[in-house]
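J.: Go ahead and model the full structure; you've got the sequences and the hints to work with.
As you go down the protein sequences, you meet chains P and G in turn.
Just so we're aligned, residue 5 is where the first sequence starts under our numbering, counting upward by one.
Just so we're aligned, residue -4 is where the second sequence starts under our numbering, counting upward by one.
Honestly, the hints are just simulated from the structure, not real lab data.
Note that the structure is a prediction, hence the values are computed from the model and not measured.
The C-beta atom is built at its ideal place from N, Cα and C for all residues, glycine as well.
Be aware that a few hints might be false.
[Claimed, not checked] Taking lysine to any residue and the SDA-like style, the derived pairs with C-alpha atoms no more than 20 Å apart in a straight line are: (1) K52(G) x T120(G); (2) K52(G) x A343(P); (3) K52(G) x P283(P); (4) K52(G) x W281(P); (5) K52(G) x E35(G).
[Stated by the list, open to error] Label-pair distances were calculated between CB atoms; the ranges are: (6) G136(G) x G208(P): 44 to 50 Å; (7) L48(G) x G15(P): 51 to 57 Å; (8) I280(P) x T100(G): 16 to 22 Å; (9) I239(P) x E21(G): 54 to 60 Å.
[As the list claims (entries may be wrong)] Interface residues of chain P toward chain G, partial, derived using beta-carbon atoms under 8 Å: (10) F237; (11) L238; (12) W241; (13) Q242; (14) N244.
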Amino acid sequence: MSRRPLSAAVGAALAGGAVCAIGALVDPQAVLRGWLASFAFWIGLPLGAMMLLFAHDLTGGRWGAAAVPPLRAMVAVLPLALLLLVPVLFLLPELYPWARTAVAVHLKNRFYLNAPFFYGRTAVYAVVWLGLALVALLCSGRGRSNPLAAPGLILLGLTVTFASFDWFMSVEPEWGSSIYGMMIVSGQLLGALALATLAAILGGRTDTGQRRDLGSLLIAAILLWFYLSFMQFLIVWQENLPHEIPWYVARLSGGWGWVAVLGALAQGALPFAALIWWPVKRSRGGLAAVCLLLLAAHLLECWWLIMPGLEGGFSWFAPAATFAMGGAGMAVFLWRLGADRRHSGRSEQTTRTAGLMAEGIRHG
Amino acid sequence: MSAHRGTGHTVRGTLAAFDSPDAMLEALRHLRQEGFTRLEVYSPYAVEEVDDLLGRKPQALPLIVVAAGVLGAVGGFFLQYWGMVLSYPLNIGGRPLNSWPAFSTTTFELAALAILLIGFLAFCTICRLPRLYDPIFDAPGFEQASQDRFLIWIAEREGRDDTELLRRLLPHGEGVHIDEVPA
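T.: Next comes the structure, spelled out in C-alpha cells:
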C-alpha cells in the first residue's frame, strides 16, 4: 500500500482539527453544531458496516469476498468514532435545549431527556457496540460461523434507533418520529455499502459478478432509504400538525430546501437511474462514481438532518469537522485494510511454503 | 406440416439432455465451433452464457418496461391532477390543490401496475408464448427441462448426415442422454 493516502488522511485530520480547535475558542456552539452533524455521518459507517457483516454472516453471497475486508476495516474505526462524541458529551447545554434548565421545565419528556439518563444510555450503546465490533472482527468474514449474527442485528437495530433518537433527534426535543431511527439506519447501511464498494473497486479486488451484486444491493439500500425518508415526509406533510410540521418547515425553506431537493436527487433518483442501467453496474469507473456520489449525498443528508434544527443553522465548521473526523477515521481504516491484506498475504504465503515443504518431503 | 404451423420445429433434430449446466455449456461450445447454427436450449432456469453462445441479441424488453413505467407514472399523476385540480377542485384541510406528495403513492402504484401488465404481455410476445403444442414436447424426457435437466436441441442440417459428427461432439456416459426428435 502506498503511503500517500495515509499521509493525506493524517494531514486532513490535523488541518480540520486545528480549524475546529481555533474555532472553539471563538464560537464553541458553532463548532459543536458542525461537529455533531459530521459525527452523524462518520459514526454511521462503522455501524452500517457491522450490520452488513452480520447480514453477510447469515446469508453469504459472492459480494462478501470483495466487500468484507473494507467492512472489517470500517468496524475497526468504531472506538475512534465513539471517542469523537466526547466533546458533545461535555457541552450538552450548548446543543440540546433539554439540557438547559430554562427550557427543560416546560418539557413533558424530561423523564427520558435528562443528562444522567442520557449519559447512561450513551454508555450502554458504547459497550454493546464495542462488544459486537469485537465479535465482528473475530468471527465475521473469516469462514467461521458467527452465533451472534442474528441477535447482534436485533441489538444493533434497537440501540442505533435509540442512539439516533438521543443524539440527533433530541436537538429538537418537542419533535418525535417513530420512523426516524430506521431512516438513520438505512442511511448508515447505504453509506457503509457505498464506501465498502468504493474501497473494493479501488483496491482492484472485484470481478464483474461481484460488482453486479454490489450494485444491486446498493439499489436495494437506496430504495429502503428513499422509502423511509419519503414516508416520514408524507405522513408529517399530510397531517400538517403544529407540533410536527416545524421540523420540515426549517428543513424545506430557504437554502435548506434546495439541499433537500439535491439530496433526493443525489442519494435517490440519480444513483437509482444509473444503477438500473447494467453497463454502469458492471463497469469499475461507473460504480465507483455512483459510490462517491452516494457518500457525498449522505454527508449532505446528515448535515441537513441536524444543523437546521439548531440555533444558527449551517456552520462552516461542519466541513472542517468532517475533514478532522474523516481524516482520522480514514487513517485507521487504511491502516487496518493494509494490516488485513498483509495478514491474508502472509497466511497465503505460509500455505504455499507448507505446500512446497510437503512436496519436498514427498520427493525426498 | 399444416398441423404444426407456427411452431419452430418443422425439421428433424437431435436432443441431448445433460445433468449439469456446465456440461451443457461445454457441449454447446463444441457445437458452435463446428458450425451448428440452428440450436435451441431448454433449461429449468436461465443459464448465463447461453445467450452469447446462441448469438441472441438483447431484446427490447427493458426499454418496453421503462416506457411502460413512464406511461403509468405520467398517466397516474395526471389522473389525480385532473380530478383534484382541473375537474373538481376540492379544498381538503387547506392543502394545495396540486398535493403532489399525496399523489405520489398512487402514481407509483399505477406505474408498477403498468410495468407489470405491459411487461408481462411484452415478455410473452417476445418469448412466442402462449404455445400449446410443439413437436419437441413428444421427445422422451422433455418435461425434465422444467425440472433438473439442461437440453440442447440440434436441428438436422439439410443434405448432411451429422450422426457421426454428433456422436464425436457430444459426450457419452453418465449424465448425458441423446434422442432423435421427429419433425
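J.: Give me the numbers of the hints this structure contradicts, sorted from smallest to largest.
T.: Hint 2 alone not satisfied by this model.
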